[in-house]
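Participant: In case you want the letters, here they are:
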Amino acid sequence: MWQYTEAVHDHFLHPHNAGPLDDANAIGEVGSLACGDALKLYLKINKAGVIENTGFETFGCASAIASSSVLTDMVKGMRADDALKITNKDIATALGGLPKQKMHCSVMGQEALEAAIRQWKGEPPVPHALEHGEMVCKCFGVTDAQIIRTMRENGLKTVEEVTNYTKAGGACGECLDKITEIVGKELSLKPLTEIRPKPRMTNVRRMQLVLKTLDEEIRPRLESDGGDIELVDVDGRRVVVSLRGRCSQCRSSDVTIHNLVERLLREHVEPDIIVEEA
Amino acid sequence: MRTVYLDNNATSAVDQSVLTAMLPYLSTLYGNPSSMYAFAGQASDAIDNARESVAALLGAGPDEIIFTSCGSESDNTAFWSAVQTQPEKRHLITTRVEHPAVLNVAQYWERQGYRVTYLGVDNKGRLDMDEYTGALSDDTALVSIMFANNEVGNIYPVQRMAEAAKEKGLLFHTDAVQAVGKTPIDLRHLQADMLSLSGHKIHTPKGIGVLYVRKGVRFRPFLRGGHQESGRRAGTENVPYIIGMGEAARIAAENLQEERMQVANLRDKLETNLIERIPDCIINGDIENRLPNTCNISFKNVEGEAILLMLDRLGICASSGSACTSGSLEPSHVLRAMGVPFNYAHGSIRLSLSRYTTDSDVDYVIEHFPGIIKTLRAISPYKD
Numbered sequence: 123m124w125q126y127t128e129a130v131h132d133h134f135l136h137p138h139n140a141g142p143l144d145d146a147n148a149i150g151e152v153g154s155l156a157c158g159d160a161l162k163l164y165l166k167i168n169k170a171g172v173i174e175n176t177g178f179e180t181f182g183c184a185s186a187i188a189s190s191s192v193l194t195d196m197v198k199g200m201r202a203d204d205a206l207k208i209t210n211k212d213i214a215t216a217l218g219g220l221p222k223q224k225m226h227c228s229v230m231g232q233e234a235l236e237a238a239i240r241q242w243k244g245e246p247p248v249p250h251a252l253e254h255g256e257m258v259c260k261c262f263g264v265t266d267a268q269i270i271r272t273m274r275e276n277g278l279k280t281v282e283e284v285t286n287y288t289k290a291g292g293a294c295g296e297c298l299d300k301i302t303e304i305v306g307k308e309l310s311l312k313p314l315t316e317i318r319p320k321p322r323m324t325n326v327r328r329m330q331l332v333l334k335t336l337d338e339e340i341r342p343r344l345e346s347d348g349g350d351i352e353l354v355d356v357d358g359r360r361v362v363v364s365l366r367g368r369c370s371q372c373r374s375s376d377v378t379i380h381n382l383v384e385r386l387l388r389e390h391v392e393p394d395i396i397v398e399e400a
Numbered sequence: 031m032r033t034v035y036l037d038n039n040a041t042s043a044v045d046q047s048v049l050t051a052m053l054p055y056l057s058t059l060y061g062n063p064s065s066m067y068a069f070a071g072q073a074s075d076a077i078d079n080a081r082e083s084v085a086a087l088l089g090a091g092p093d094e095i096i097f098t099s100c101g102s103e104s105d106n107t108a109f110w111s112a113v114q115t116q117p118e119k120r121h122l123i124t125t126r127v128e129h130p131a132v133l134n135v136a137q138y139w140e141r142q143g144y145r146v147t148y149l150g151v152d153n154k155g156r157l158d159m160d161e162y163t164g165a166l167s168d169d170t171a172l173v174s175i176m177f178a179n180n181e182v183g184n185i186y187p188v189q190r191m192a193e194a195a196k197e198k199g200l201l202f203h204t205d206a207v208q209a210v211g212k213t214p215i216d217l218r219h220l221q222a223d224m225l226s227l228s229g230h231k232i233h234t235p236k237g238i239g240v241l242y243v244r245k246g247v248r249f250r251p252f253l254r255g256g257h258q259e260s261g262r263r264a265g266t267e268n269v270p271y272i273i274g275m276g277e278a279a280r281i282a283a284e285n286l287q288e289e290r291m292q293v294a295n296l297r298d299k300l301e302t303n304l305i306e307r308i309p310d311c312i313i314n315g316d317i318e319n320r321l322p323n324t325c326n327i328s329f330k331n332v333e334g335e336a337i338l339l340m341l342d343r344l345g346i347c348a349s350s351g352s353a354c355t356s357g358s359l360e361p362s363h364v365l366r367a368m369g370v371p372f373n374y375a376h377g378s379i380r381l382s383l384s385r386y387t388t389d390s391d392v393d394y395v396i397e398h399f400p401g402i403i404k405t406l407r408a409i410s411p412y413k414d
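Those sequence lines, one after another, are chains A and B.
Numbering of the first sequence is given in our numbering, commencing with residue 123 and proceeding in unit increments.
Numbering of the second sequence is given in our numbering, commencing with residue 31 and proceeding in unit increments.
Worth flagging that the hints you see were computed from the coordinates, not collected in a lab.
Possibly wrong hints are sitting among the right ones.
[As the list claims (entries may be wrong)] Computed spacing ranges between beta-carbons, pair by pair:
hint, chain 1, residue 1, chain 2, residue 2, range
1, A, 129, B, 260, 54 to 60 Å
2, B, 388, A, 131, 26 to 32 Å
3, A, 131, B, 93, 25 to 31 Å
4, A, 326, B, 400, 24 to 30 Å
5, A, 330, B, 305, 40 to 46 Å
6, B, 312, A, 257, 31 to 37 Å
7, A, 129, B, 312, 33 to 39 Å
Cβ atoms here follow ideal geometry from the backbone N, Cα and C, with glycine treated the same way.
With these hints in hand, go ahead and build the complete structure from the sequences.
Facilitator: Shown next, in the form of structure tokens:
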């Protein structure tokens, strides 16, 4: 028996925004009957680019239905461009977590959302990960690009996790060697910049990376000079810090901020980070 | 909330008289049957009686009954013994629709270099006798064919199949875990060399199984050690459970005929009503030839786990062959072997009854089931 959270039960038993939306102008469809789950997501996006209304139809288990339901709540009232920043992890988190074997349900939600918005923008309604890359799992139609992206967004480290999140390798198992190779390769080229999901980053993720970079990269260097640094705020791409210890009296603190802190944050977090001193 | 237990092919309720028979051996009569004093002798005598009851249920002799820990151990032992006693033979025959307790064992031996024939089934889950007889060879160390299928309930023609194996002098094993107590088995006519059964499917607690080994068949123990079970299965006897097994076998033998009718009537009522009230569903399996207690229905365009969770809210216990419940990402191997279309395979539900299932249980399910399918179909993107 799966251990589902209360939120999963609630959304499954009383799904929000269930059913098709007649005036939808963005529809994303992912999955198939053969795969065992499928989602058709309906969005009504207004002229200002804001998602006004949502609907969904899902064929699948309780967590697939709950993921669809919570997603339609999350995006309602959001700007379409902001909605594109939602990751599968955000969906799972909104449900208070999903059993690890069920994470692919949240991935399906994210992919349907992306497909819908792309359709609205006039782009081919295919999740971008499917466009590029080579087909790895023929049973579930998963590409290497999709596997790598899901690995990066969720910090996956094993083949089993890849199967739980993408279903790849979960049927005939023929592609498991290929997945092992992809996982090995991905984990071996692991400077922090590579983990960073390039197309979009949530505030939470950005915050985590900033903290990690401060802890692992920046602080040790300052400490060797008897200084320290404190994070004051992260506001979009603006990172506010305060120098401590000997750094705070240092006349070249400006240089430290720009040549060290900003450079490292740009390298490890996002290329357009701006660092300011509080 | 009421509980309607319709998952008896998974496990079954412990019979009160089974429990009563076991209790003394869980408390005061704790002697080791191998000991020499009269106090322990009581346990030893009780085991002899239990062995006779199990033998009587199967039409076997008591010295052909080995108590094990579960059906899986019995199946593993059958393969082990067949392979070890005939090291020159390198071929095994089984089916694609076996329980994992046989299927995974066959695959294990395949990895050890054995050639394994997995017999296919048609869309009703039936085996092809010609394919079977064509596969029999002098190199075959063991034929293992399930007596009845756990998912769809099909009863296989093991009697004819065992005869065909016998004619070639080949060893024949049958996993009868789902069949015992539900359909008559008489080893005086059925020429199987080995047969596995499990107690908890016939109302004992979990943790007791039996392997029947026909007298004269060469045997090698799977579990080595002490001399218990005439040196064929080491380990101090699980006395209370063996006693429970004996009592369950006695009750099964006594009630088999009457119970079959009663259970089949309820199953048929349940099945007919569900099929009538719910559009777009199919019965999986061979309705001409299946266990009286098993009903496996597929509902188009809905997913089994979602159905199970909604049933669970009403206290109805069932199981599904859908991917999401199988722990894998694919629907059950049995339904796939049968070629059940995907839009049906993911929505399969197994309802399995027992002597404890009542008419009112069946009415309750008939009343609530159609609404569940309707709700789920309303939010499914697939409408036809």
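Participant: Given the hint of 24 to 30 Å, is the C-beta distance from residue 326 of chain A to residue 400 of chain B inside that range or not?
Facilitator: Roughly 44 Å apart at Cβ, these two residues miss the hinted range, so it is violated.
Participant: Is 31 to 37 Å right for how far apart the beta carbons of residue 312 of chain B and residue 257 of chain A are?
Facilitator: The hint (31 to 37 Å, Cβ to Cβ) holds, given that residue 312 of chain B and residue 257 of chain A are roughly 32 Å apart.
Participant: Taking the Cβ atom of residue 330 of chain A and the Cβ atom of residue 305 of chain B, is their distance within the range 40 to 46 Å?
Facilitator: Since residue 330 of chain A and residue 305 of chain B have Cβ atoms about 54 Å apart, the given range 40 to 46 Å is violated.
Participant: Does the beta carbon distance between residue 129 of chain A and residue 312 of chain B stay inside 33 to 39 Å, or does it fall outside?
Facilitator: holds (35 Å)
Participant: Using the C-beta atoms of residue 131 of chain A and residue 93 of chain B, is the stated range 25 to 31 Å upheld?
Facilitator: violated (54 Å)
Participant: Could one say that the CB atoms of residue 388 of chain B and residue 131 of chain A fall in the range 26 to 32 Å?
Facilitator: holds (29 Å)
Participant: Range hint 54 to 60 Å: satisfied by the CB atoms of residue 129 of chain A and residue 260 of chain B?
Facilitator: The hinted range 54 to 60 Å holds for residue 129 of chain A and residue 260 of chain B, with Cβ atoms some 57 Å apart.
Violation of the numbered hints given earlier is confined to hints 3, 4, 5; the remaining hints are satisfied by the structure.
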